[in-house]
Amino acid sequence: MSTFIRDFIEKEKINRRNFLFASAYGLGGVAALGALGPGMARAALTDPTIAWSYRNRTNPYWNEIVSGGEAFVQSLGMSKDALTHLINEGSSEKSLADVKAILAKTGGNLALAIDTNDAPNARPVVEAVVAANAYVSTLWNKTDDLHPWDFGDNYVSHMSWSDEGPAEETARILLEAMGGKGGVVHLGGIASNNPAIERLQGLKNALKDYPDVELLAAEPADWDTQKANQVMSAFLTRYGEEITGVHCANDTIAYGVLEALRAEGIEDMPIVSYDGNPQAVQLVADRKILATVFTNPHWGGGITASLAYHAAVGTFKPSEEPNEHREFYGPTIMVRPEDALEFKANYLDSVPTYDWTDFWGPSNGPIVYK
Amino acid sequence: MATLQSTTTVTTRARPRAAISRDALLKWAPLLVLLVLCAIFTLMEPRFLSIRNFARILIAASPALMVAVGVTFIIIMGSIDLSMEGTVSVCAVAFAFCFLWLGGTLASWAWLAIPFAMLVGGLLGFVNGLIHVRLKIPSFMASLAMGFVGTGLAMVMTGGDRIRIEDELFRSLLTERILGFPLMVYVAGLFLLLGWFIQTRTTLGRNFYAVGGGEDLAVASGLNVARVRVLGYTLAGVFFAVGALLAVGRIGIAETATGNNFMFISITAVVVGGTALWGGIGGVWNTLVGVLIVFVIDNGMVVIGLPGYVQDGVLGILVILAVILSTDRKSISFVK
Chain A
1 MSTFIRDFIE KEKINRRNFL FASAYGLGGV AALGALGPGM ARAALTDPTI AWSYRNRTNP
61 YWNEIVSGGE AFVQSLGMSK DALTHLINEG SSEKSLADVK AILAKTGGNL ALAIDTNDAP
121 NARPVVEAVV AANAYVSTLW NKTDDLHPWD FGDNYVSHMS WSDEGPAEET ARILLEAMGG
181 KGGVVHLGGI ASNNPAIERL QGLKNALKDY PDVELLAAEP ADWDTQKANQ VMSAFLTRYG
241 EEITGVHCAN DTIAYGVLEA LRAEGIEDMP IVSYDGNPQA VQLVADRKIL ATVFTNPHWG
301 GGITASLAYH AAVGTFKPSE EPNEHREFYG PTIMVRPEDA LEFKANYLDS VPTYDWTDFW
361 GPSNGPIVYK
Chain B
371 MATLQSTTTV TTRARPRAAI SRDALLKWAP LLVLLVLCAI FTLMEPRFLS IRNFARILIA
431 ASPALMVAVG VTFIIIMGSI DLSMEGTVSV CAVAFAFCFL WLGGTLASWA WLAIPFAMLV
491 GGLLGFVNGL IHVRLKIPSF MASLAMGFVG TGLAMVMTGG DRIRIEDELF RSLLTERILG
551 FPLMVYVAGL FLLLGWFIQT RTTLGRNFYA VGGGEDLAVA SGLNVARVRV LGYTLAGVFF
611 AVGALLAVGR IGIAETATGN NFMFISITAV VVGGTALWGG IGGVWNTLVG VLIVFVIDNG
671 MVVIGLPGYV QDGVLGILVI LAVILSTDRK SISFVK
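If you're matching them up, the sequences are chains A and B in order.
According to this note's numbering, the first sequence is numbered sequentially starting from 1.
According to this note's numbering, the second sequence is numbered sequentially starting from 371.
Quick caveat, the hints were computed from the structure, so don't treat them as lab data.
Computed from a predicted model, the values in this text were never measured in an experiment.
Glycine residues also receive a C-beta, built at the ideal position from the N, C-alpha and C atoms.
Be a bit skeptical, because a hint or two may be false.
To be verified - Here are some of the chain A residues that sit facing chain B, going by a computed Cβ distance under 8 Å:
hint: 1; residue: 160
hint: 2; residue: 162
hint: 3; residue: 165
hint: 4; residue: 219
hint: 5; residue: 224
hint: 6; residue: 225
hint: 7; residue: 226
hint: 8; residue: 231
hint: 9; residue: 234
hint: 10; residue: 255
hint: 11; residue: 262
hint: 12; residue: 263
Stated by the list, open to error - Covered stretches of chain B (chain A as the covering partner; in silico rule of three or more C-beta atoms under 8 Å from a C-beta of chain A):
hint: 13; stretch: 419-426
hint: 14; stretch: 525-535
hint: 15; stretch: 542-554
hint: 16; stretch: 608-621
Unchecked claim - A partial selection of chain B residues facing chain A, derived with a Cβ cut-off under 10 Å:
hint: 17; residue: 433
hint: 18; residue: 567
hint: 19; residue: 570
hint: 20; residue: 586
hint: 21; residue: 625
hint: 22; residue: 627
hint: 23; residue: 628
hint: 24; residue: 670
hint: 25; residue: 675
hint: 26; residue: 677
hint: 27; residue: 678
hint: 28; residue: 683
Chain A with its partners taken away, still in its complex shape (with noise of 0.2 Å):
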């Protein structure tokens, strides 16, 4: 038993003393690249590494995404297993390491495009990778005072969505189907997620246009079918026949109201949703639901890696490009019921074939800072 120990223990130091020459010599290549400075001249990449970092696959929204990044990949015809997957599983510690670590293995030859999980992640993570002499894009999370103009060509783009004016959008078509009059609940997600926030914001803009219609209710029901369901039935209660309209903050809360609306046997309540799922369409075909917005994930994971890759390439340079192009809103698209059937053929059924260096083609105007 000792032996086995002794063993143990002395295999734990092989392999701390192997583990710190690894960080020394790491630690070293960004040393080296540092004294290059920022100064030298920059050359386009060659045959760079193509990596993704993000939350993780299991959540739908970012399987959705990643694809997306495989289908760029398999475009320069390679497997799908060339994309490097970087997962942070929530974490924005997780996140930075990941990205310091891969910049060291690749020495800075490297397209990185990143969520970087929350918003004051993402200067640390540019810095290293402008650093390193290497090529990012960003999605969803950045402070509003970090721009990719102010880093010249290695922070490429960043690309987000704003909810509020698709939301207003849907709560007009509700609002119309309901008359222009009455009463309308909403039914939310997660009290303090910004596409939360923003999609009842869109909702309380359109109402402004319609005095008549009284908004009686906003309930989180935390993007969950049951707790929908629960609270659409407790709406009833209160309000019974006033309720005339109701604004779902997406598609499976949509769900979970049409079912507490089923039980009572009320068929033709006017509702309206937001995120596109395949299901959720399908519903707006059927007119249960009047419309719904879809983002393309797909396209945003594909085009993201897409920016950072081309650039590291030399296909464009990014500092001669105009600031909308840095910096710009991912598409949204209103699926309605005179649509819906073709939309689903075009998007869902089959995943079309992007052409992945019409990098700004799609999407929908600058940033805009409030």
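Put chain B on the given structure of chain A with help from the hints.
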């Protein structure tokens, strides 16, 4: 031994002073809490007190009631089962796949999907019990881990997709009403009676109390405690499966998220209902009252129009209050 003596003195001293016997008060305390809650909500919003609203509360409560009845047996034994979220998800998804594969309507052989789902639930519970007993892993850890395994399994089976069950006949659980209440409420009622029968009229049910009341004594009297435990977990698994079926009946969707939130709701309901976490006390009627308390609070808070951001906090405070009022804490000398 010292503890035992001190508790006896406390109880004997307390008894003569109370106008109504303390035991009776404790027995009915959870029900009183429920009635007081209903009265408060009715005073604040008269629409709370209506058959239609009670039907809504019962629709929401039925799946959770089944899960809570299942875990009641385990808690009576002084153990805990935290595998319900995974088990409910797996049973829901297994049911949905089997149901669609066999024809997709109750009028065909697809009805076999119902016993199949219960079998899956029982099997998961059996494995859970075996891991706990054979590998001597505390029930807390064994069942929590099994729950994660279940959630993962459901994820693999569905690939993250939702499966819709559109069959009108199966959905009549929700859409058909007798005396104002949908069929699923009656189904839950029947299984509650079955739980009560198992608890009071079978050897297994009495053995749960024997194990929870004093495991050493039970072993000394020759009871095969390991067997009772494994059977308990299997039984709980079957009830989780019934909960899963009702959950699918309510929403018409089977997915990995079907099991979400059942852990907090069911454990809270059992404890609020007066079944003690240290075992030996309580039963399925307590659980019924506990589940109703939790769902009356849930529904009532929205009905009286309490803002969303204070609801979670209020729910937590009400749960603590309900536990204070409805459990006999004087008879125990320490809490772990």
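Each hint, compared with the structure:
{"no.": "1", "hint": "160", "result": "24 Å, violated"}
{"no.": "2", "hint": "162", "result": "23 Å, violated"}
{"no.": "3", "hint": "165", "result": "24 Å, violated"}
{"no.": "4", "hint": "219", "result": "5 Å, holds"}
{"no.": "5", "hint": "224", "result": "6 Å, holds"}
{"no.": "6", "hint": "225", "result": "6 Å, holds"}
{"no.": "7", "hint": "226", "result": "6 Å, holds"}
{"no.": "8", "hint": "231", "result": "6 Å, holds"}
{"no.": "9", "hint": "234", "result": "3 Å, holds"}
{"no.": "10", "hint": "255", "result": "6 Å, holds"}
{"no.": "11", "hint": "262", "result": "7 Å, holds"}
{"no.": "12", "hint": "263", "result": "5 Å, holds"}
{"no.": "13", "hint": "419-426", "result": "holds (count 4)"}
{"no.": "14", "hint": "525-535", "result": "holds (count 4)"}
{"no.": "15", "hint": "542-554", "result": "holds (count 3)"}
{"no.": "16", "hint": "608-621", "result": "holds (count 3)"}
{"no.": "17", "hint": "433", "result": "9 Å, holds"}
{"no.": "18", "hint": "567", "result": "29 Å, violated"}
{"no.": "19", "hint": "570", "result": "32 Å, violated"}
{"no.": "20", "hint": "586", "result": "34 Å, violated"}
{"no.": "21", "hint": "625", "result": "8 Å, holds"}
{"no.": "22", "hint": "627", "result": "7 Å, holds"}
{"no.": "23", "hint": "628", "result": "8 Å, holds"}
{"no.": "24", "hint": "670", "result": "8 Å, holds"}
{"no.": "25", "hint": "675", "result": "7 Å, holds"}
{"no.": "26", "hint": "677", "result": "8 Å, holds"}
{"no.": "27", "hint": "678", "result": "5 Å, holds"}
{"no.": "28", "hint": "683", "result": "12 Å, violated"}
The structure is inconsistent with the numbered hints 1, 2, 3, 18, 19, 20 and 28, although it conforms to all the rest.
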